[in-house]
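Chains A and B supply the protein sequences, listed in that same order.
The letter at position 428 of the first sequence is residue 428 when you use full-length UniProt numbering, and the numbering goes up by one with no holes.
The letter at position 99 of the second sequence is residue 99 when you use full-length UniProt numbering, and the numbering goes up by one with no holes.
Heads up, a few of these hints could be off.
Calculated from the model, a selection of chain B residues having no Cβ within reach of chain A, i.e. all distances over 10 Å [claimed, not checked]:
(1) ASN7
(2) GLY16
(3) ILE34
(4) GLU68
(5) PHE112
(6) SER166
(7) GLY206
The calculated DSS-like cross-link candidates involving lysine-lysine, where the alpha carbons are at most 30 Å apart (straight line), are [said to hold, decoys possible]:
(8) LYS82(A) <-> LYS174(B)
(9) LYS331(A) <-> LYS199(A)
(10) LYS222(B) <-> LYS82(A)
(11) LYS138(B) <-> LYS397(A)
(12) LYS138(B) <-> LYS90(A)
(13) LYS398(A) <-> LYS66(B)
From the derived model, a few chain B residues whose C-beta atoms are all more than 10 Å from chain A [said to hold, decoys possible]:
(14) ARG8
(15) ALA10
(16) LEU13
(17) ASN15
(18) PRO67
(19) ILE87
(20) SER102
(21) TYR128
(22) ILE129
(23) ALA142
(24) ILE169
(25) GLY200
(26) GLN236
(27) ALA267
(28) PHE278
None of these hints come from the bench; they were simulated from the model.
Just so you know, even glycine gets a beta-carbon here, dropped at the ideal spot from N, CA and C.
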Amino acid sequence: MKMRQTNVMKLCVFLLCLALIAACSNNAGNNKNTNGAQTGENTKSTTTNEPVKEEEPTGTPELPEAKLTFYYPSNPAGADQKTVQDEINKYLKEKINATVDLKPLSFDEYDTKLNAMMAAGEAFDLAWSSRYWLLPYQGNVDKGAFLELTDDMINQYAPEARKNIPDKFWPDMKAVDGKVYGFPIYQVAAKTKSLIIQKQYIDKYKLDVSTIQSYKDLEPFLKQLKDNEKGVIPFGMAQNSWGIYVDRNRVGADGLAVTYQKDDATFKNLTEIQMIEDKKEYYDTMHAWYKAGYINKDAPVLKNINDLKAKGNVAVGIEFTSKPGGEVDEKNVNGGNEVVYVPISDSYFTGISSAMHVISKTSKNPERTLMLINLLNTDKYLYNLICNGIEGKHYTKKDDLYMEPIKDSGYAPNVDWVFGNQFNAFLKPGQSQDVWERTVQLNDSALVAESYGFSVNQESIKSEIANVQATKEEFQLALETGAVDPKDLLPKFIDKLKASGQDKIDKEATAQWEAFLKEKGVK
Amino acid sequence: MSNTRSNRLAGLLINGFFTVACLFIALPFILLIIVSVTSENSLVQNGYQFIPSEFSLEAYQIVLSKPESLLRGYGVTILITVVGTLISLLLTAMTAYPISRSDFRYNRPITFYIFFTILFNGGMIPFYILMTQYLHLKNTLAALIIPTVLSPFNILIMKGFLDKISKEIIESAKVDGSGEFRIFFRIIMPLSTPALATLGLFISFGYWNEWFYALLFVDNDKYVPLQLLLVRILSQIEFLANSPMAEAASRMQYANFPTLSVRMAMAILAGGPMLVIFPFFQKYFVKGITVGSLKG
Numbered sequence: 001m002k003m004r005q006t007n008v009m010k011l012c013v014f015l016l017c018l019a020l021i022a023a024c025s026n027n028a029g030n031n032k033n034t035n036g037a038q039t040g041e042n043t044k045s046t047t048t049n050e051p052v053k054e055e056e057p058t059g060t061p062e063l064p065e066a067k068l069t070f071y072y073p074s075n076p077a078g079a080d081q082k083t084v085q086d087e088i089n090k091y092l093k094e095k096i097n098a099t100v101d102l103k104p105l106s107f108d109e110y111d112t113k114l115n116a117m118m119a120a121g122e123a124f125d126l127a128w129s130s131r132y133w134l135l136p137y138q139g140n141v142d143k144g145a146f147l148e149l150t151d152d153m154i155n156q157y158a159p160e161a162r163k164n165i166p167d168k169f170w171p172d173m174k175a176v177d178g179k180v181y182g183f184p185i186y187q188v189a190a191k192t193k194s195l196i197i198q199k200q201y202i203d204k205y206k207l208d209v210s211t212i213q214s215y216k217d218l219e220p221f222l223k224q225l226k227d228n229e230k231g232v233i234p235f236g237m238a239q240n241s242w243g244i245y246v247d248r249n250r251v252g253a254d255g256l257a258v259t260y261q262k263d264d265a266t267f268k269n270l271t272e273i274q275m276i277e278d279k280k281e282y283y284d285t286m287h288a289w290y291k292a293g294y295i296n297k298d299a300p301v302l303k304n305i306n307d308l309k310a311k312g313n314v315a316v317g318i319e320f321t322s323k324p325g326g327e328v329d330e331k332n333v334n335g336g337n338e339v340v341y342v343p344i345s346d347s348y349f350t351g352i353s354s355a356m357h358v359i360s361k362t363s364k365n366p367e368r369t370l371m372l373i374n375l376l377n378t379d380k381y382l383y384n385l386i387c388n389g390i391e392g393k394h395y396t397k398k399d400d401l402y403m404e405p406i407k408d409s410g411y412a413p414n415v416d417w418v419f420g421n422q423f424n425a426f427l428k429p430g431q432s433q434d435v436w437e438r439t440v441q442l443n444d445s446a447l448v449a450e451s452y453g454f455s456v457n458q459e460s461i462k463s464e465i466a467n468v469q470a471t472k473e474e475f476q477l478a479l480e481t482g483a484v485d486p487k488d489l490l491p492k493f494i495d496k497l498k499a500s501g502q503d504k505i506d507k508e509a510t511a512q513w514e515a516f517l518k519e520k521g522v523k
Numbered sequence: 001m002s003n004t005r006s007n008r009l010a011g012l013l014i015n016g017f018f019t020v021a022c023l024f025i026a027l028p029f030i031l032l033i034i035v036s037v038t039s040e041n042s043l044v045q046n047g048y049q050f051i052p053s054e055f056s057l058e059a060y061q062i063v064l065s066k067p068e069s070l071l072r073g074y075g076v077t078i079l080i081t082v083v084g085t086l087i088s089l090l091l092t093a094m095t096a097y098p099i100s101r102s103d104f105r106y107n108r109p110i111t112f113y114i115f116f117t118i119l120f121n122g123g124m125i126p127f128y129i130l131m132t133q134y135l136h137l138k139n140t141l142a143a144l145i146i147p148t149v150l151s152p153f154n155i156l157i158m159k160g161f162l163d164k165i166s167k168e169i170i171e172s173a174k175v176d177g178s179g180e181f182r183i184f185f186r187i188i189m190p191l192s193t194p195a196l197a198t199l200g201l202f203i204s205f206g207y208w209n210e211w212f213y214a215l216l217f218v219d220n221d222k223y224v225p226l227q228l229l230l231v232r233i234l235s236q237i238e239f240l241a242n243s244p245m246a247e248a249a250s251r252m253q254y255a256n257f258p259t260l261s262v263r264m265a266m267a268i269l270a271g272g273p274m275l276v277i278f279p280f281f282q283k284y285f286v287k288g289i290t291v292g293s294l295k296g
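Same shape as in the complex, but just chain A:
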């Protein structure tokens, strides 16, 4: 009996030891593996691409068959994902002798899953990336996750797609090291600050929108609304929607590090304090509007303007990133009322790297993947197939330009901006006929500020920036929404900004800006 018990115990100990050893060897294995993966990558990038395992004899000898995987963020497409993929592959097989495995992930899943995959060195070919949103560009370039796309490669495998993109925009694709790791998905690349005005009131009061060039021109209209429309908020504001002040004599927009006078050939940086002092009249106007009841009383405490707009009684609001055709979107946000954009600022170039395709370092077929990118950005048939599904089954063609999705058809990812150059898309109901031309026009005419791409290195002024931020949070909201009288508050605000170190920030920013200009050869 005693014997048996000790035997069982021994067995337990033995098994536990085994488990421990297994755990240790797993770790060792991990290390070995990551090294292996790295050397594998290195050899791949230096030597020419090795023949692929899945290779099989086909009609086109110069291109061995390739299987590609494409990860992208998407809404759930529906039951027919596989059917559409088969259709795509039939076409791709003819074109470039490749098949693609589509791997849509929801927006919440995308980063987590791809980060894990890339860290583990798992092989995939194509992914969607963006400058500041999902799968952030620079961060992953730093990690070495993306393959560099050299000019040679692009010229050889994706020349048509490259031609679509204006050369003056191309520098935006460069990472910090000056190399390019992604291919842009060309779409709207400019933003304009606009007022959003409900169409019913424009019609009713015969407002000539071309007369509205700045916030001041709005006042008579707001008065009309206040006097005649009960229950309507003439000008809706919340914590995320203030800032209709624009000075058209200046070059500067949200996201740009410096602002300079338009006619100033030396591009002298305007200081924050000076700009706030210049806004005195604007703050007075806002306060007058607030007192007159043009602005909703809860503006300084309301978190999201869309909560208010959804009720449909906000007559005028602001949109920071208006784009051609955007009025259609706004209709839903405004409780189903039609709206009109009235631009109050210049259009600024915002970059083409907000959406792009990247090739993974682990890709076994980078050339073919680049060819696929080329097709996605140039081939109208392929693009509309992947965006909308199969004609007759998932959508119907109305005429040369327009399509109409079939409801509950089993394929509707609704993410055209993920797949490729949007200007190849069929128009959807509600979009205006010239939306793509207008977008291209807007892109081409957008003002590329001298300061585009310049950012202030904040290392030496970190604490000042934090202090200033806190001060701004304390005062700005109340001033911008007109909730307080700027007479005593504005001087207090400026004093406190100075005390928080705004001068030092301005000085530092100006110095870096001057250095940047010199380096660029502008000065």
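Go by the hints and put chain B onto chain A.
This is chain B only, laid out in the frame that chain A set:
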């Protein structure tokens, strides 16, 4: 006289306190149910209300309109919950039992080893590599079950309970000629029903709420559990409602989408079954949760 009065006062206060406490717990849930059957229009106009001004089952109609993937999600979730809980309970008990035996020489170092894993772990990337490149569990149901089969915390709770079982029972069983396995399955397991029931409930909640491992390891729509399905639907709604990037036309489709009530309806569909199961465990629950505390 004054004694009974103060007694009555105390009773009143205690009852009052717990009534309020119960209300705090129950009301949000009742509100959840009510919002899920309120029309979107009245939600936008009036906010959340206990008495809805407009009744509507639209949210449920939308969520249940294409039941295939939802039913599949339920199927996957129920399967991993049942199978996972059973395996997990067995292995937890089998791990906890030896280290609860004082006549097992290495019980202390092994207990420490298990405890140690609570404090330190390898992190997500090594875990991912282990699961996909060594165990090859990508795109299998096992990937949803195996990672949470043995939780050190559960093992320690179980050990705490088993510690309290008097060792004389084991001795006498041995004298009567039973082997270790017989003792474990015939004596220890039945004696620890309260602990097993409690842990079983914890573990099954864990499996029921499982979505993260599915996110990492499952590409195939066949194996998507309920919760990940709901995460996806929610993320789609959020995206369409808030993103300036959403296509104009796709936004049109969702213009009249009852975003707020659909969320609540999904919460009820996802959590409902577990609420039904809970009362059946309750009788063990009280006893089991006191595991480790002083008992007469």
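Quick rundown of the hints versus the structure:
1. Remark: the non-interface label on ASN7(B) is consistent with the geometry, its nearest Cβ contact in chain A lying 48 Å away (cut-off 10 Å).
2. Against the 10 Å criterion, GLY16(B) stays outside the reach of chain A, whose nearest CB is about 34 Å from its own CB.
3. Every C-beta of chain A lies more than 10 Å from that of ILE34(B), the closest at about 20 Å, which supports listing it as non-interface.
4. Distance check for GLU68(B) against chain A: the nearest CB is about 8 Å away, which does not clear 10 Å, and the non-interface claim fails.
5. No Cβ of chain A comes within 10 Å of the Cβ of PHE112(B); the nearest lies about 12 Å off, and the non-interface call holds.
6. In this structure SER166(B) is separated from chain A by more than 10 Å, as the shortest Cβ-Cβ distance comes to about 18 Å.
7. Every CB of chain A lies more than 10 Å from the CB of GLY206(B), the least distance being 19 Å, so the non-interface label holds.
8. At most 30 Å may separate the alpha-carbon atoms for a hinted pair to count; LYS82(A) and LYS174(B) exceed this at roughly 61 Å.
9. Straight-line distance between C-alpha atoms of LYS331(A) and LYS199(A) comes to about 10 Å, which keeps the hinted pair within the 30 Å bound.
10. Taking the CA atoms of LYS222(B) and LYS82(A), the gap is near 13 Å; set against the 30 Å cutoff, the hint holds.
11. Taking the CA atoms of LYS138(B) and LYS397(A), the gap is about 40 Å. The hint is violated against a cut of 30 Å.
12. Distance hint between LYS138(B) and LYS90(A) is fulfilled; the C-alpha atoms sit about 27 Å from each other, no more than 30 Å.
13. With a C-alpha separation of about 28 Å, the suggested pairing of LYS398(A) with LYS66(B) holds against the 30 Å cut-off.
14. The beta carbon of ARG8(B) is kept farther than 10 Å from every beta carbon of chain A, the shortest such distance being approximately 46 Å.
15. Consistency note on ALA10(B): stated as away from chain A, and its beta-carbon is indeed over 10 Å from all of that chain's, at 43 Å minimum.
16. Look at LEU13(B): its CB is around 37 Å from the nearest CB on chain A, clear of 10 Å, so calling it non-interface holds up.
17. Under the 10 Å C-beta cut-off, the non-interface status given to ASN15(B) relative to chain A holds; the minimum distance is some 39 Å.
18. Taking the minimum C-beta to C-beta distance to chain A, about 12 Å, the non-interface status of PRO67(B) holds against the 10 Å cut.
19. With a least CB separation of 17 Å from chain A, ILE87(B) remains clear of the 10 Å interface cut-off, as annotated.
20. The claim that SER102(B) lies off the interface holds: its Cβ sits roughly 12 Å from the closest Cβ of chain A, which is beyond the 10 Å cut-off.
21. With a least CB separation of 4 Å from chain A, TYR128(B) falls inside the 10 Å interface cut-off, contrary to its annotation.
22. The claim that ILE129(B) lies off the interface is violated: its Cβ sits roughly 5 Å from the closest Cβ of chain A, which falls inside the 10 Å cut-off.
23. Look at ALA142(B): its CB is around 17 Å from the nearest CB on chain A, clear of 10 Å, so calling it non-interface holds up.
24. At roughly 15 Å from the closest C-beta of chain A, the C-beta of ILE169(B) stays outside 10 Å, upholding its exclusion from the interface.
25. For GLY200(B), the requirement that its beta carbon stay farther than 10 Å from each beta carbon of chain A is met, with the minimum near 24 Å.
26. Against chain A, the non-interface label of GLN236(B) is violated: not every CB pair exceeds 10 Å, the least being about 5 Å.
27. A cut-off of 10 Å between C-beta atoms confirms that ALA267(B) is not in contact with chain A; the least separation is 16 Å.
28. With a cut of 10 Å on Cβ distances, PHE278(B) stays outside the contact zone with chain A, its closest approach being about 28 Å.
Of the numbered hints given earlier, the model fails hints 4, 8, 11, 21, 22 and 26; all others are met.
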